[in-house]
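K.L.:
Sequence:
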Amino acid sequence: MADREDGRISSKDLGKTTATDIISTSDTDTNHELHFARRGEALEEASSSLETINGYDPELMNGRTLLTAAEEKKLLRKIDWRLMTLCSLIFMFKNLDSNNASNARIMNKGTDQNIMTQLGITSNEYNLVTVLYYVPYILLEAPSNLLLKRCSPSKWQSRIMISWGIALMCNAAVKNKGGLYTTRFLLGVAEAGQFPGVILQMTYWYRPDEMSLRLLYFYICGNISGIFGGLLAYGFDNASGAGGLSGWQWLFLSEGIATVLFGFVIWFLLPDFPETAKWLTEREKKFIQARLPSNSPRGNEQHFKLREVIESLKDRRLWLFTAIWATFTVGTNGVTFYQSTVIANLGYTSIAQAQLLNIPITICGLLVIAATGITADRSRIPRPLYPLTFLVIIIVCYGVFVAYPSNAAIYAVTLIGNAVTASWYPVMWPWRVQTTSRATGSAFSIGFVNSYGQIGGAIGPQLFQSKFGPHHTVPFSVAIGLVGTCAILTVVTWWVTQETERDTRRLKLAKIAAEKRGETILEDVVDNDLKNN
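Under this note's numbering, the first residue of the sequence shown carries the number -14, and numbering increases by one thereafter.
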């Protein structure tokens, strides 16, 4: 066999390679060597050179070369359209329905048709609405993710949507605060598992280094709910009294009906796993499964494995990421929940117009999410630098709340702070997912981090007690401390996961370069974090 002049291996000879038929990824990664293969051609018999690859699997290696780069891009676009479109719409409904309590709070404020007036609830009592929603949401997320793996994503996500839509419609019928507390608790029970279920399902279809771009679609669609929510609240605020219902009742009822209807759509249209997708050819099914890292979950792994749960609980990265999520959500969820009230209290606008002032904040968030997702997907910048930068910006914004509580300053930092807060999640999830393993372990770890990380949804709004108003200097000061703690934990976690994070980024860039040559990479990211720290 003759080596090519550029140093790369001839595709026809890769199946017969020797130990010397290897090239370094780049000048900066001379200690890491990769095997390349021509795309669109099946590998020949394995050789001792290929067997030196960590996690070597002859069947997987063969499957990775089945499609050309152009065919792979076409296939991924097809998967994006069928999977991510529906998952993004599910997330949009979830955000719309779980966050509507914030909009309902100020609808028809100062009239007898305001929800707090009609139900006889004080401001501090209304804050308990989020606590009662998040308690079951936190406790049931991990078990729900394990059931999704067993029952199939389409059926389980459909069940989640239909049940939470019914719970949301019941919100319109409440007559007192006890009824509202009960229906919000049931909403948390019903919604538990929706978000981590989507993240888990993505790991069956996409590599961790591909998730940033897909989460870009996901979070953009999710944040569009802020626009729809503001418009719906504005419309129903003006239509309050129609049909004998107040504006907040119409808000809950209409969103609940739409959610139930879309839940039935999900039952029939949401793809489950690559191997069961009727719209994929056998060649495409084999390729999709072969291109995933060896530690990715597989659709045929439906049995519960306690050993994987125990191994996940022993992994310090699980607890570090959970602590990051918890400090971030406690530090930011209260501000997000109080956003509509902050704007309404500016004093120069009507309540209905205050709902519309939420829309620019959402649009700004969409732009930041889009810019970050596109950059992070192909950048050489270490992924942890993105959330760290966002945390610094959030701290500065909260500092303005404390030091310069003027109308213009408050709106400006609300605009910027909530935009980067929304952009934090899309850059964090791929980092978390790339350190999970196998079906049960991934389902449990993703559900665990998202559930107990959501403790901020229960605690955050409680920081904003009426006694701290109108500027809430004390709550914002506490939020600064929590976000600062989150930044410290992020640095520690970066150090612990440095091997996997660096290898994921390195292979992603090498893969992009190989695609231009019509080649693919046979290596995977190998989890060496815990071995080297």
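Keep in mind that the hints were calculated from the coordinates and are not lab data. One or more hints might be untrue.
Unchecked claim - With a straight-line Cα cutoff of 25 angstroms, these simulated DMTMM-like cross-link-like pairs (lysine to aspartate or glutamate) come out:
1) LYS63 with GLU260
2) LYS501 with ASP362
3) LYS270 with GLU57
K.L.:
If a hint holds in the structure, say so; if it doesn't, say that too.
P.N.:
These are the hints, each one checked on the structure:
1. LYS63 with GLU260: Status holds; Cα separation ~15 angstroms.
2. LYS501 with ASP362: Holds, because 17 angstroms separates the two Cα atoms, which is no more than 25 angstroms.
3. LYS270 with GLU57: holds (12 angstroms)
Figure legend: structure checked against the earlier numbered hints; every hint is met.
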